[in-house]
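Residues per chain are reported as follows:
Protein chains: 2
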Amino acid sequence: MAAQGARTGSRSTRFGADEMTPKHILETAFAFRASKVLLTAVELGVFKSLGSGPQTAAALARRLGLQGRGAGDFFDALVALDFLDRDDNGLYTNTLESSAYLGSNSQEYIGDLIEYLNGRVYPTWNFLAQALREGTPQRGPAASGGFSTFYKDPESFALFLKGMSGGSRLAGQALSKQFPWLSYNTVVDVGSAQGCVAVELAKAYQHLSGGGFDLEELRDPFEGYVRSCGFDDRLKFFSGNFFADPLPTADVLVLGRVLHDWNVEQRQLLLRKAYAALPPNGALIVYEAFIDGSRRKPSGLLSSLNMLLQTHDGSEFTTHDCSAWMQEAGFRDTHVVPLTDTHVAVVGTKGT
Amino acid sequence: MAAQGARTGSRSTRFGADEMTPKHILETAFAFRASKVLLTAVELGVFKSLGSGPQTAAALARRLGLQGRGAGDFFDALVALDFLDRDDNGLYTNTLESSAYLGSNSQEYIGDLIEYLNGRVYPTWNFLAQALREGTPQRGPAASGGFSTFYKDPESFALFLKGMSGGSRLAGQALSKQFPWLSYNTVVDVGSAQGCVAVELAKAYQHLSGGGFDLEELRDPFEGYVRSCGFDDRLKFFSGNFFADPLPTADVLVLGRVLHDWNVEQRQLLLRKAYAALPPNGALIVYEAFIDGSRRKPSGLLSSLNMLLQTHDGSEFTTHDCSAWMQEAGFRDTHVVPLTDTHVAVVGTKGT
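Respectively, the protein sequence lines represent chains A and B. All the letters of the first sequence, read from the start, carry residue numbers 1 to 352 under the working numbering. All the letters of the second sequence, read from the start, carry residue numbers 1001 to 1352 under the working numbering.
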């Protein structure tokens, strides 16, 4: 009946106006401010600076190179938003979560994802209306002439790599726990960027070797990252273009946040190539921020709009779509494996 | 003990890592996407279009001039975020709240505020780090050579007016209910912009007359808006610069979202000028998005950062600060009157 009122455009909504408020509308409309306070705190180094001990607002502002004006409001906004604590002496500290995930380059660090959201994604979303009107990418690799051209700008490249690593670290950690890795010896992450997922798997299982497959431009970033993590003995870089070249062989191939960049035919092609590259009994793991089957949950739908903004044909899709494409490519026993709050995997195997 | 762990930078946070997640960090970091979906829906006219009846995604996309790609995800994201309903036949309708506040230019309409947030505030917040480093305004009137210069750009001017009206309409409505207007006959809103607050008061009380005081550039917008609302018989425009000229006299003066644009000395000057302009027993109403006394609530602190971004010396402040300045200027019986979720008034009277 409520929906009926709105549907017919009747003014019956006016009755009960005392109970109705625009709270939900206003909270969402203004929510970008809290985002930007958090993103900016990472950009300015607030959490890493407090990682070395409590500080007053004045000391912290000096250390971060901030003008006095606004700094106190900024730090207290971080307190109000539960990212910092402030004691009765005016000393600021990281909360437990801020310390664990943003305070230092620890295993759990996601500050690199935040930097990417801050430098790339927030400004790109300002063009959402244009993207919807035109159906074309507004920023990112696709809007810049493709990945190889985009990678020529060192700053964009570095930020993109941070986003790719920070955005897949937690999924990689979950994947290390949610898949029977003891049954397999080799794994290659296809579209690996710096190799964050392969590193998380190698960390968890000493018997695993393999590496990452990506465009030649990713060789140095991959090898540098993997070496800095101490896994260059087990993880190698495989160079190639996954549309032009065959995929490398390994017991397990991973396609994470790759298919969402491309159209359905391209996704199907990549799945067929993965099937061809796998040995008998090999497995493919696809993970994405899938759209829920009922299309009523924000996560996958908002991720899909992000692909609208950043690719020519990309979008998120459902696990049902993904399983169907995998089965068409020959995979069997396809099943869904939850990873994180945002990411889910679909796993399939190649027969004997 | 928890805070202690973070404070000393010990790795004790690792224990209990199974219970700790970065959920709060990630939700806030990504929250700008939900904001931008809502802001963009207003920009594209989604809610007004659905104000005339339910539509399929295809029909709605056509009517709004959207490419097919992304439109379905966009509409379903609005469903997932509770701004639209979708029935089993794939027909989209406004929710009750969307219908009441965004569906048409009704009394409750706040779409003009949303347009201002979308076109001005969201992109300005992208420069938060720079504003904190430099202490200078990044966008808006102050960054464009002052109000009179800024008003020369018709598009910025129009958007600014929408923001000022949309941002004060609910406060004006609350003010009409929370103040003993029957004891007063005249009211002038100082820094009135289009006159939204004066209109809300005139709507609620037939005996009230007065108007708005603002720079001469606001005469046409004020007179146009007031005439369109049917109150040009009771509400007049008073032209002037509130630093250079005396304020007009009325039983009640309102200073809403004005003091936050200026430094403390300027605020004190404006309060003294208001006191001078009031007749004996006159009242002054100051309303703002005040910072809470404990500096632990987001609303006022985030509004204050918005003033950092848009003014040279502005900021939000506490009701305690405001009462103290009012008392210094001569006001008595200062007291706090809650208005909306964001806005609070401080009221003071001039003695006999």
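Hints are supplied without guarantee of correctness; some may be wrong.
Here are some chain A residues the structure puts well away from chain B; computed CB gaps all over 12 Å [claimed, not checked]: (1) GLN130; (2) SER144; (3) TYR151; (4) GLU155.
Label-pair ranges, simulated between beta-carbon atoms [claimed, not checked]: (5) A/SER228 / B/PRO1338: 40 to 46 Å; (6) A/LEU215 / B/ASP1341: 37 to 43 Å; (7) A/MET20 / B/ALA1276: 39 to 45 Å; (8) A/ARG63 / B/PRO1280: 38 to 44 Å; (9) A/PRO154 / B/ALA1158: 28 to 34 Å; (10) B/THR1056 / A/GLU27: 48 to 54 Å; (11) A/ARG63 / B/ARG1062: 53 to 59 Å.
So these bits of chain A aren't anywhere near chain B, every CB distance computed over 10 Å [to be verified]: (12) ALA34; (13) PRO123; (14) PHE179; (15) SER209.
Everything labelled a hint here was simulated from the structure, so no lab data went into it. Computed from a prediction, not measured in an experiment: that's the story for all the values here. We treat Cβ as the ideally placed atom computed from N, Cα and C, and that holds for glycine.
Here is what the structure says about each hint:
| no. | hint | in the structure |
| --- | --- | --- |
| 1 | GLN130 | violated, 10 Å |
| 2 | SER144 | holds, 19 Å |
| 3 | TYR151 | holds, 24 Å |
| 4 | GLU155 | holds, 15 Å |
| 5 | A/SER228 / B/PRO1338: 40 to 46 Å | violated, 55 Å |
| 6 | A/LEU215 / B/ASP1341: 37 to 43 Å | violated, 50 Å |
| 7 | A/MET20 / B/ALA1276: 39 to 45 Å | holds, 42 Å |
| 8 | A/ARG63 / B/PRO1280: 38 to 44 Å | violated, 54 Å |
| 9 | A/PRO154 / B/ALA1158: 28 to 34 Å | violated, 41 Å |
| 10 | B/THR1056 / A/GLU27: 48 to 54 Å | violated, 29 Å |
| 11 | A/ARG63 / B/ARG1062: 53 to 59 Å | holds, 55 Å |
| 12 | ALA34 | violated, 5 Å |
| 13 | PRO123 | violated, 5 Å |
| 14 | PHE179 | holds, 19 Å |
| 15 | SER209 | holds, 27 Å |
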